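Chemist: Chain A is already provided as a structure; the job is to place chain B on it using the hints.
Protein chains in written order, with my numbering: chain A, 154 to 719; chain B, 154 to 719.
Hint data in this document are derived by calculation from the structure and do not stem from the laboratory. There may be inaccurate statements among the hints.
Just so you know, same-sequence chains aren't split out, so a pair can sit in one copy or run between any two.
[Stated by the list, open to error] Heads up, simulated SDA-like pairs for lysine to any residue below, C-alpha to C-alpha not over 20 Å straight-line: (1) Lys355 - Ser221; (2) Lys206 - Gly592; (3) Lys181 - Glu169; (4) Lys668 - Glu638; (5) Lys206 - Lys668; (6) Lys181 - Gly655; (7) Lys436 - Leu615; (8) Lys351 - Ser221; (9) Lys155 - Lys401; (10) Lys181 - Ala171; (11) Lys181 - Glu625; (12) Lys575 - Tyr207; (13) Lys155 - Gln378; (14) Lys401 - Gly508; (15) Lys155 - Asn379; (16) Lys436 - Asn178; (17) Lys535 - Glu638.
In this text, all values refer to a predicted model and were calculated from it rather than measured experimentally.
Residue-level listing of the chains:
There are 2 protein chains.
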Amino acid sequence: MKPSIPKGTRDFSPVEIAKRNYIFNHIKEVFETFGFQPIETPAFENSSTLMGKYGDEGDRLIFKILESGEYFKSLDSEFNRYNDFHEQGFFFYEKIIKRAKELFIMTENITSEISESIKENRIKLELQYELQRVLSQKKYISYRLDKTVERYNFLDKYIEDIKRKFADLAYDKVFLEVDNDEMLNIFLFNIYKSFGFKETTKKISEKALRYDLTVPFARYVVQHQNDIVFPFKRYQMQAVWRADRPQKGRFREFYQCDADVVGSKSLWQEVEFVQLYDAVFTKIGLTDTVIKLNNRKVLSGIAEIIGAKDKLIDFTVALDKLDKIGAEGVTNEMLAKGITAEAIEKLQPLFGFNGSNDEKLAQLTTMLSGSEEGLNGVEELKFVIENIEKLGLQSAVLELDVTLARGLNYYTGAIYEVQTNKVKIGSIGGGGRYDDLTGIFGLKNISGIGISFGLDRIYLVLEELNLFQKAELPTPKVLFINFGEKESFYCLHIIKELRKMGINSELYPDNSKLKKQMNYANNRQIPFVVLVGEQELKDNNCTLKNMKSGEQFTCNKDELIRLMSK
Amino acid sequence: MKPSIPKGTRDFSPVEIAKRNYIFNHIKEVFETFGFQPIETPAFENSSTLMGKYGDEGDRLIFKILESGEYFKSLDSEFNRYNDFHEQGFFFYEKIIKRAKELFIMTENITSEISESIKENRIKLELQYELQRVLSQKKYISYRLDKTVERYNFLDKYIEDIKRKFADLAYDKVFLEVDNDEMLNIFLFNIYKSFGFKETTKKISEKALRYDLTVPFARYVVQHQNDIVFPFKRYQMQAVWRADRPQKGRFREFYQCDADVVGSKSLWQEVEFVQLYDAVFTKIGLTDTVIKLNNRKVLSGIAEIIGAKDKLIDFTVALDKLDKIGAEGVTNEMLAKGITAEAIEKLQPLFGFNGSNDEKLAQLTTMLSGSEEGLNGVEELKFVIENIEKLGLQSAVLELDVTLARGLNYYTGAIYEVQTNKVKIGSIGGGGRYDDLTGIFGLKNISGIGISFGLDRIYLVLEELNLFQKAELPTPKVLFINFGEKESFYCLHIIKELRKMGINSELYPDNSKLKKQMNYANNRQIPFVVLVGEQELKDNNCTLKNMKSGEQFTCNKDELIRLMSK
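One chain only, chain A, in its complex shape (with noise of 0.2 Å):
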C-alpha cells in the first residue's frame, strides 16, 4: 500500500511551513497593532450550531463526524432494552397497549362525564349527541387496536423473515457471491432512501468540522458574553474544511484568517479595516493592491429606485457580471430575469460608473436621490472614502464598486474586497459589515464588522512574484561533521553552548563518510560546518567551512562561538 492522503488535504514541508508563517506572522503583527486579540475554538463544533447556517448546498459541504460505536450500542435506550428485531415487535407492541389503555381511559371519563351530565338534566340533547360522539370514537379507537396488533402480527412475522434472511445469507452468499459488503451498501442505500440523508446523518453524526470562523466566531461571543468586554475585537487564524471538490487552489483543509469586531457599529473601524489590509499587504511587499469598497444600502436604494426591491438578489448578482459580460449581458440577464426594460434604463449611469471616487459618489447622490436607504449608503461610503484620503493609504488603492456584492444575505453596510493588479488570481481578502450575526444564537442587536484574508491565494502571490526572500527557514547555522565517539563529545560541548545562545546548531549523529555528511549539510542548506578530527582535538581547536564561499579556516572554540554568533 503506497500511502497518501485525502484528496484536497496538504502536507507542509519545512519550507513552505516557513512560507506560510512569514505571511501569517505579518497579517498577525498588525492585527495585534490594531488592536486585535487572538481567540481559538474547537476543530469540531456541535452539528447544531453549524447545520443550517450556510444553505443546503453549505449542509452538504460539511464534514460530519460519526459517532462512536458506544453511542450505536446506546442508539436509544428505551428501545434497547430489546435485544434483537423479536424483541422490539414487543416494544411496539407494549406500546400499542399503553396507548390504547389511554385511549380507553380517555373515551371512558368523557363519557361517564358527560353520562353524569344528562343524569342532572341541564342540557340534554347536545350531551347525548356528544354521547354518540364518544362511543362512536371508542368503537374506532377498538378498530384500530384490532387493525394494529394484525399489523403487529405482520411485524412479528416480518421480523421472522429477517431472521431468516440473515441466517440465509452466510449460506447464500457461497453460490450467490452477494458478499456482506454488497449487503451493506443496500440496507445503506435504503436506509438513506427512506429516512433521508439528512435526518440519517443527523443520527449518526452530532459533531461537525468547522466550515469557517464567522459562525464559530459568533457561536463563541454568545457563549461566553459575560467574560467579554465590548466592542469585541479578535482575530482567529485557523484552519477549516469543506467538502468541496479539489481545483487550483481550491482545498478541502485551509486556513482563514480573519479579524472581526463585534459591539459597535462605528464608521470609524469602516476605515481601520481598509488601513489593515494595505498594512498587510504593504508589510509582505504585495503593494499594488485594489481595495474594493461597496455598501449594502447602496444596493438596496438601486433596486428600490428602479422598482425591483424584490429581485435585489438577481439584480446585484447580474450587476456583479458587468466586467466579465458587459453591459448588454447584465441587460439581458436582468430582463431574463424579470426586471423591466424600464428599470433597467434607469441603471444606464451605473453601467459607465468612472472616474475619481468623489464623482462616483456624486452621480450616486444624484441617482439615489429617491431612496432613503440608498442615500445612506452613500453617506456611510463618503465617510469611509473621505477619511481614507486625508489619512492616506501606504500602497493600496481604494476603490468604490457599485458592483461588488459578495456573500449579499449576510452583509448590511460595507462590503469589502481586495486584488492584486499583478496576477490574476481573483481577490486576496473580503469582508463586510453585518448586523445581526448571534441573533441566530440568541444575542440580538450585536453590530458586527470584520474581514478576512484569503491565506492560500496571498501564498501563491508571493510565490509567483517571488517575494518570499525574507521567509526564514529554520535550518541549523552549523554542522558539527561526526567523526567518532570523542570527537563528538567534544563537539557536544561547544553544541551546547551555541545552543544556550540560540544559535540552531547539530551533531551529525553517526560516524559516516565525510562525503555523505557534507552531503547533508549541502542539502539542508546549513551555511557552516565544522570539522573536529584527531588533530583538532590533539591542538583544542576546529576547522570551520563555510560552505557558500567553500574557505576554511582553523580556530578554536571561543572564536568559534564568537563567529557563530555574529
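Modeler: Using the frame of chain A, we list chain B on its own:
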C-alpha cells in the same frame, strides 16, 4: 438554544492563547536550536492510514468522518442501477442466472473434454469416473439453482414486505407514536448488529481525524521519502483528537508537540533528547524536573534471565506499579500472571533498586550477565548517562528507572519519561526509540527516536507554580478616547504612526460616555489612555493618562509617540 461546544473540547480566550503560545514558542525555539524543522500534516487522514495502528481500543477512539451525501447516492454504481428494493431483487436474480450459466458452461466444457478423451480411448476408466463426478456436480448445480431461485422468491416477498412496511409506517405512526426517528434507530441498530460496527463504519467513513502525530509522521516519511534528507529531524505541534471519556486534564482535542529523528541509530541522539528536555524545561522556569530513562533491551534481558521472556508485557506492567503497590503487590500480581515464585525471587535486586545511576548500572550489569540483549541495553544506558554526566544539565536530573515501561510494544531501545517534583500531575513528557515505525507503510529498516511534550499538563503546572509572568498578552498599549468625529480623526493620524512603528494602539470606536470608555481600557488592561477633547484639538496636543499610576499630563503628538515607543 444555549450555544455550547462538544464535550472534551475547549475555546481558548486571548489570555489562554498567550499562555499556550508562551509554552509553544519556547519548545519551538529549543527544537530549532537542536536542528529540528517543522512539518504539518492534514487534520484527517485516510482511515486505512490510521486504523489498526493503535490497537482495538485506539481504533474505537478514532473520530471517523462521514462520507458525504453524494457518496451514498453512489454507494455501489452497479447496484444502484436498480432503484428500489424490488428492482434490487432482480439484481440478485440476474446474478444467480449469470453464475448458473457460468457453472453450466464450465461443467459442459469439462464433460465434453472428458468425452473427447474417452473417445480417444487413452485413459478410459479414470475418465469415465471423472465424467461421473462432473455429471453429479452438474446435478448438484441444478439443485442449488432451484434452491436459490426459491430463495429469490422469498427475497421477492421479503422486498414486498419491506415496501408494505414502509407504506404502513406513515399510517401507523399516528396511532403508534412510533416516529421515523425511532424506526431509523431500529434500522441503524440492526445494521450495526448484523454487519458489525467496524464493517459498517468502514463503509460510511473513509477518513478519520488524526489520533496522534506519530503515525501521520511515519506516513509522511514514506510518502515523501524521495524529498527527505536523512537523518530527518522534524518537529510537529498540532492538534490531535481522541473520543476518550473527558476528564480533568484529558480532552478530546489537544495538542501534541513531538520531535523525532528518523534514519539513524546513533546513541548521541539519545543524549541530545535528554539535553533537549532539560533546555525546554529550564527555559520555561520549570526547574526541578526528573528525566527518567530506561531501555527496552534491559527489560527484555530481565525477562530472559528470570525465564519469563514470553511474559514480558505482564512482567513489565507489574513492575511499572512498584512505586504504587510496593514489592509485595508486584509479587502478587506477577504470581497471578503465572510468573513463578522462583523467577520473582531473581527480581529481588530490582525491588530495592536504589543509589546513584552508576550504582544501578553496576547492579544491572551483574544481574544481566547471562543475557546478551540485557547487557547491550546496559551499555546503551551507560553511554547516555555517562555523557550527560560529563556534559552537565542545566536544571533537570537524569535518573535510571528500570520500572519505566510506557508504550513497551512500540519502543525498542531508550525509553524516556519526564516528571516534575513540584506538582503531582504524572508525566509531562515521554518518548523513546522505535526501530521500525515506517515498516507499517512499507519502508523497512528506518530507525527512529522521538519525544513528546504534554502541553496541557505543562500548562497546569506553570499555572499552579505561577510561572506565566512572562507570557505576554497582545493588549493595546494605548487607547484613544473617542470624543467625536473631528477629535477621532485627529487621533487616527497619531494612531497611524504608532501602528507603523509596531505599537499596538486603538481608537474607541464610539463616542460613548467617558466612563464607559475608561472602563473598556481597564477591562482590557490597556496601560495608557490618550484624551483628545475640544481643548486639546484647539491646542494641537493631547492628554496622556497612565492607567496604573493614575497620573496624567499634556503633551504634543511627537512627545506622545516618543513616550509610547519606549
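Chemist: Against the earlier hints, flag every one the structure doesn't satisfy and list their numbers going up.
Modeler: 5, 9, 12 and 14
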